[in-house]
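S.K.: Residue strings, one per chain:
4 protein chains.
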Amino acid sequence: MNGHRVTMLGTGLIGLFYTQTLRGKRSRDRVELVYSRSAERAEAFAEQLGVPRRTTDLEAAVADPDTDIVVIGLPNHLHEEAVELCARHGKNVLCTKPLARNAEEAKRILDIVERAGIFAGYLEDLAYTPKTLKAVQAVRAGQIGQVTWARSRETHPGPHSAWFWDAKQAGGGAIVDLGCHCIEIVRNYMGKENRPVEAMCWLDTLVHPIEAEDNAIALIKFESGAIGQFEVSWTFRGGMDLRDEVAGTEGTIWTNHFLRTGFDLFSSGEGAGYVAEKAETTSGWMFPVGDELAELGYVDMFADMFDAIDEGREPMETFYDGYVVNAVMDACYRSAESRSWEPVQLEGWRGGETGRIAPTRREWDGKTLIKQEQMPDGRLKLILKDDATGEFADVVTGGEAH
Amino acid sequence: MNGHRVTMLGTGLIGLFYTQTLRGKRSRDRVELVYSRSAERAEAFAEQLGVPRRTTDLEAAVADPDTDIVVIGLPNHLHEEAVELCARHGKNVLCTKPLARNAEEAKRILDIVERAGIFAGYLEDLAYTPKTLKAVQAVRAGQIGQVTWARSRETHPGPHSAWFWDAKQAGGGAIVDLGCHCIEIVRNYMGKENRPVEAMCWLDTLVHPIEAEDNAIALIKFESGAIGQFEVSWTFRGGMDLRDEVAGTEGTIWTNHFLRTGFDLFSSGEGAGYVAEKAETTSGWMFPVGDELAELGYVDMFADMFDAIDEGREPMETFYDGYVVNAVMDACYRSAESRSWEPVQLEGWRGGETGRIAPTRREWDGKTLIKQEQMPDGRLKLILKDDATGEFADVVTGGEAH
Amino acid sequence: MNGHRVTMLGTGLIGLFYTQTLRGKRSRDRVELVYSRSAERAEAFAEQLGVPRRTTDLEAAVADPDTDIVVIGLPNHLHEEAVELCARHGKNVLCTKPLARNAEEAKRILDIVERAGIFAGYLEDLAYTPKTLKAVQAVRAGQIGQVTWARSRETHPGPHSAWFWDAKQAGGGAIVDLGCHCIEIVRNYMGKENRPVEAMCWLDTLVHPIEAEDNAIALIKFESGAIGQFEVSWTFRGGMDLRDEVAGTEGTIWTNHFLRTGFDLFSSGEGAGYVAEKAETTSGWMFPVGDELAELGYVDMFADMFDAIDEGREPMETFYDGYVVNAVMDACYRSAESRSWEPVQLEGWRGGETGRIAPTRREWDGKTLIKQEQMPDGRLKLILKDDATGEFADVVTGGEAH
Amino acid sequence: MNGHRVTMLGTGLIGLFYTQTLRGKRSRDRVELVYSRSAERAEAFAEQLGVPRRTTDLEAAVADPDTDIVVIGLPNHLHEEAVELCARHGKNVLCTKPLARNAEEAKRILDIVERAGIFAGYLEDLAYTPKTLKAVQAVRAGQIGQVTWARSRETHPGPHSAWFWDAKQAGGGAIVDLGCHCIEIVRNYMGKENRPVEAMCWLDTLVHPIEAEDNAIALIKFESGAIGQFEVSWTFRGGMDLRDEVAGTEGTIWTNHFLRTGFDLFSSGEGAGYVAEKAETTSGWMFPVGDELAELGYVDMFADMFDAIDEGREPMETFYDGYVVNAVMDACYRSAESRSWEPVQLEGWRGGETGRIAPTRREWDGKTLIKQEQMPDGRLKLILKDDATGEFADVVTGGEAH
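Chains as they are written, first to last, in this note's numbering: chain A, 4 to 405; chain B, 4 to 405; chain C, 4 to 405; chain D, 4 to 405.
In isolation and in its complexed conformation, chain A is listed as follows:
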């Protein structure tokens, strides 16, 4: 039951969240070494978080003999180089989202780790929130029947570091920053064996004086016929809006990860403090989150990754998943350009085939029962279709539901 020793690459907000999570509660793992391009930031970070050692030498950080896991928390354009170093030095590698700036880069990264045979985990935290894990489990158990639709929404007033806003470094705007989360949440609900076939996307730069999109909406059609939907925005006002919805033939799921989680705080403004990531106000009604790192999925994500290493199995989120996400995002950008549906181009789909959504036919009196509804007077109203004639009819009955 020995813990792992970790090299953390990057000292931004994500490096902070990762390191706080790994320090954890009663954890047996430890962040041993932190790398930053800036000596000053490395030192401040190490001091603030109690990391024993720091460096500004990337290869030395990766190759460090006292650590066995490298966590990449660097800007998007630096992922490939860091993964390459991990492969060279045979290190277990965990990479923050998105895996890459586009599918081509993602495929190269995937090939690097598969050729090297190293363990590679894709740090998609929002697929690991406790609510999402339990909701996906309910879906897998059939509690909502066959999934027909999943919506994932992530919007806030914009990211916290300068490089996100620069399309060259980031590879895009709100889609690359937030859409990657949504796509993977949707895939988890749809079932990862269910192939994302094509995408239709709208994007625009409505508010911020930048080149990249600050708003986007996309539809993703899956092989089963089910439809995924995401909405991302860097111009949302009111905090950070993280909500997912799933509809199935037998049920519905709504999860709300941030602004309405059963914690309401009104303050006139006295003793103002930090409320939560991307909160906009320190007075009036505010909606803090209990344990932010747990609610955002970081705790369960690292537990799965480290357990997977210990158990010699794949983690729930792999670099292949990261590649699929990039491929869907590429289709979104192409669709915004072509103003039409665009196919999701995937080299080597690994998920198999998925049949069309197929609800069971229900029958009443030789006809197809389409729907039943309780009337205000307590009776049941049935909508029937005569399959021979194609005619529809209402029947009101006093009896029980069918």
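Since the hints were made in silico from the structure, they are not lab data.
Watch out, some of these pointers could steer you wrong.
Since copy identity is lost for identical chains, a pair holds within one copy or between any two.
[What the hints assert, rightly or not] Listed below are the simulated SDA-like cross-link pairs for lysine to any residue, each with C-alpha atoms no more than 20 Å apart in a straight line:
{"hint": "1", "residue 1": "K384", "residue 2": "F20"}
{"hint": "2", "residue 1": "K384", "residue 2": "E43"}
{"hint": "3", "residue 1": "K224", "residue 2": "R359"}
{"hint": "4", "residue 1": "K195", "residue 2": "E350"}
{"hint": "5", "residue 1": "K195", "residue 2": "E356"}
{"hint": "6", "residue 1": "K224", "residue 2": "G354"}
{"hint": "7", "residue 1": "K171", "residue 2": "T208"}
{"hint": "8", "residue 1": "K171", "residue 2": "T371"}
{"hint": "9", "residue 1": "K171", "residue 2": "G393"}
{"hint": "10", "residue 1": "K224", "residue 2": "S341"}
{"hint": "11", "residue 1": "K224", "residue 2": "V200"}
{"hint": "12", "residue 1": "K171", "residue 2": "N105"}
{"hint": "13", "residue 1": "K224", "residue 2": "W344"}
{"hint": "14", "residue 1": "K224", "residue 2": "T208"}
{"hint": "15", "residue 1": "K195", "residue 2": "L19"}
{"hint": "16", "residue 1": "K384", "residue 2": "E314"}
{"hint": "17", "residue 1": "K195", "residue 2": "A42"}
Fair warning: this is a prediction, and the values are worked out from it, not measured in the lab.
Based on the hints, put chains B, C and D in the right spot on chain A.
M.R.: Frame of chain A, contents of chains B, C and D only:
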């Protein structure tokens, strides 16, 4: 302060809701006469709702000398004929949604009433819910700044009468039944002067054994650059989901009209009764609505219509609005076919021109201030863009918000 | 179907709400005349609300030959005189809450109207909110079984007129202002035939520099054994908190009338306007109410009162109810003094007798089944009591629920 | 950074939750040995949860040389004996709630551990829920000003093991089972230095065929003048209701730990499974909890306890706190008997003295400003008190807030 006398055409669920609303609380108006194609239904309806007279003769119903307003609550394919009769007999006419099965038919209906010079109101109840009216007022007052996005969602397990399910009579499926509500809600938030320019739509028949679509999602681009979005479904499980969301440069609005309105009821199943329209269960957790007719907008809608007649002004929702809605729906159907964005084709746009969303530039130290965010330690982090070089930079400051 | 003509006594916030409600939507009734002690306020009010006539002569206002209903919207210490004038002039009288400053005064007022044989309605609006009406109906229908507990909470930052704060004019503080609402809501859930037997109350002046209580909590024991509970405060921060909860042997009801009704608005502060009664902020997250007058019960209350007059029946809320409420409040004040439970002293209880809550005994294997609960593994766990020995035992079974 | 080895006493639901929590995610601690009075239960438990060793010998379990912490998860009447054994063998001891069946027993238990000088932690999990921890932190930081009121509510359909229902073994009913949680939550909001002075309590056995109370409500007065309130019930329908509310002079906090946490699931009943502790249904609308062990506070509780042992400090919840809780519960039971307020009898209060709630006086124009409220027309209304005359007056002003 004399009231109006009304002829009600139709005895379905909508005729019931309309008549109950007009009977109202302390109302000075009265439904005097009801028409149905079936004598039996006319009689049962008249008795149940205390309507003095009934008939199965459509023209006699419209031409009745004791009534001055005709309310059309008939299936979609019968609207045109009924409107024509109203024009012929010079009656004030109020027509249920959608105005017609397509824009061509809607345009003919619009021309009929305009040529005849009769008062014509479009009964789009959900644009009149008390929450929507107040929310639109807040938007008009500038409380959320310039609108960038509006989402309207209406989903339930499917309509209550057979003819809805028959595309020939209805003109379509869930889009024609529910999308018409969503489009007009979105237009009210966007501002009716803001032209719907083009639409992109996905639709499918996923669950029910019918020809018409039972699920659809659409995006509608407006002249200002803002984006509208609707989601409609006849396969939703859990009751009726009526939610709208609006985002602006200075704020956000969420309204929930049905399943979460501050009224929660758990019952083991004892004394089970009617909960609300399209509720699916009579035990477990249920979410009734206080005053269903008021919450669904019927009360405010008829008040506006009748006041408009008394005051010689246009109502908030006109036949022209109904025509615009049909035109947007036509673009949705074309888009589902072409798999691309399709223009909204409108003969004679009456709304004028709307400028592009234009947020004010904020400046800090000669650079464009893109964003500011409170840090956990209480300091402010600013994202700045140097307009000369296009470079982005972070600045952390101890100072006040800008 | 002729409407009524109303004399409105008082031009404060309550007179404003009443008059706006009576003006209503398509109403056949009308406020004809307004009385104020101040000519200036009478004039401003009449102008603002379109009331045809005004006066500063109380008796002339009551005796006016063109009105048949007098609505008392005056401070508490002026109710008795106004009721006396109504009795003298044989007018239908509707009196705002609380009926009086204490039970003795309330009894005198009750005697006056009963001796005079005039129609007398008690304007307890919160017993008439659409949610409360429907929830009480669900309780009466048995949907939550036998009621065991009801909580009514009304808190806000304090009343809007000076006289409320003066215990001499008001007869008390937060209990007299707000507790009267809560008590009547609780009575409606308990059943009005269910006698309030005794009360236990805590009160204190914690925040405001006044003599009267600004906070109070009370328990009210009913004859059935059920317990009522109210919490009132003039020091609540965050707006107006109006929530009721009811528990029964078969179910639960929660109603929220103000701060969480499915309408959420975030604003940075642009275009700030009126949000709702006693809202504290004009930026940040706010929770407006759709149709405030309807949601607070005014619309349904006046409809019941006027219909009752037309139909020659008693209204849902009578002066006798107002007297019972005052008697309960008196018991609360006595209890706060004696620091013990105090009997509710009622002259002439009209509600009959109510039996003790008596749930049905359920049996399993010859023992009393106390409870069953689903285990995480899907099996049922039963708690059984052997009535002979008094011993308790667990049984885990794979079977169905009992 | 070595972990601890734990002896777990008890294999009921609480032993299960504790052991699952200690197994945790990436934890360095381990449950090494489990004790049950029944060999069969011990074996089943050890197998299910992967505990290496088991025993039915209580003293051997406590004295085991390979474990350094003993966790007591036994019925209430067995706590004292188990604590005594821990003291005898010099083991760190953590005891589940309530500490004892009454204050006298609790005091003996407290004396035992203090005489022995062993580490003793009180396992009050609900004081450690992530929301409660953050909310208490906000209160301590002054964000809601001075606390005036705290309500804690814990209700469900009744406990899961037979001994809870037997007053002899448990020491009481719903108060002893659930009230202990509420009292400690309230104390954390009030500040532990704020002495609970007296209590007033109602209790009754309304539904279940048992001797112990199945419903109770209590008020607890604190030295500062603030009032605590708890509601407990074993007859609640709809699942487990865990809600806390706190009011202060500058703000309000609402936390909801179970039925409304941002996770809504509707299911027609397909694929039914375990939803959450004490959920009543497996179809219809359900409200699961993300990570139940974390949301209920177990994770943070054990982390604090184990860290406290490592750091040689006291945990947040000590045996002294457990004793105070028992003393408050005793006062509640005495009050239910005497029907009056009863003092909380504490030997050796360790919290010091707390001053009376003392809001700052605000002034306007030489008078005391009692309240200000925004009018619908945008102006401010001020309520002023002339301290010389005691008269109250309204002033309406166009100006800014004061």
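S.K.: Does each hint fit the structure? Answer for all of them.
M.R.: These are the hints, each one checked on the structure:
1. Taking CA atoms no more than 20 Å apart as the test, K384 paired with F20 passes between copies only; the shortest distance there is 17 Å, against 54 Å inside one copy.
2. Taking identical chains as interchangeable, the C-alpha atoms of K384 and E43 lie at most 20 Å apart only when they sit on different chains, with a minimum of 18 Å there against 72 Å within one chain.
3. Within a single copy, K224 and R359 get their C-alpha atoms as close as 12 Å, which meets the 20 Å cut-off; across copies the closest is 31 Å, which misses it.
4. In this assembly of identical chains, K195 and E350 lie within 20 Å of each other by CA distance solely inside one copy; the values are 16 Å within and 47 Å between copies.
5. Taking the shortest Cα distances, K195 and E356 sit within 20 Å of each other inside one copy (11 Å), while across copies they are farther apart (46 Å).
6. For the homomeric pair K224 and G354, the shortest alpha-carbon distance inside one copy (15 Å) is at most 20 Å, but the shortest distance between copies (35 Å) is not.
7. Taking the shortest alpha-carbon separations for K171 and T208, only the intra-copy value of 16 Å comes in at or below 20 Å, while the best inter-copy value is 41 Å.
8. Taking the shortest Cα distances, K171 and T371 sit within 20 Å of each other only across copies (19 Å), while inside one copy they are farther apart (56 Å).
9. In this homomeric assembly, K171 and G393 come within 20 Å of each other (Cα to Cα) only across copies, at 11 Å, whereas the closest approach inside a single copy is 57 Å.
10. Taking identical chains as interchangeable, the C-alpha atoms of K224 and S341 lie at most 20 Å apart whether they share a chain (17 Å) or sit on different chains (16 Å).
11. Taking identical chains as interchangeable, the C-alpha atoms of K224 and V200 lie at most 20 Å apart only when both belong to the same chain, with a minimum of 6 Å there against 25 Å between chains.
12. In this homomeric assembly, K171 and N105 come within 20 Å of each other (Cα to Cα) only inside a single copy, at 12 Å, whereas the closest approach across copies is 46 Å.
13. In the homo-oligomer, the alpha carbons of K224 and W344 lie at most 20 Å apart both inside one protomer (9 Å) and across protomers (17 Å), since each shortest distance falls under that limit.
14. For a Cα distance limit of 20 Å, the shortest separation of K224 from T208 across copies, 14 Å, qualifies, whereas the shortest one inside one copy, 25 Å, does not.
15. Within a single copy, K195 and L19 get their C-alpha atoms no closer than 30 Å, and across copies no closer than 33 Å, so neither meets the 20 Å cut-off.
16. For the identical chains of this complex, K384 and E314 are neighbours neither inside a copy (55 Å) nor across copies (35 Å), given an alpha-carbon limit of 20 Å.
17. Taking the shortest Cα distances, K195 and A42 never come within 20 Å of each other, neither inside one copy (42 Å) nor across copies (44 Å).
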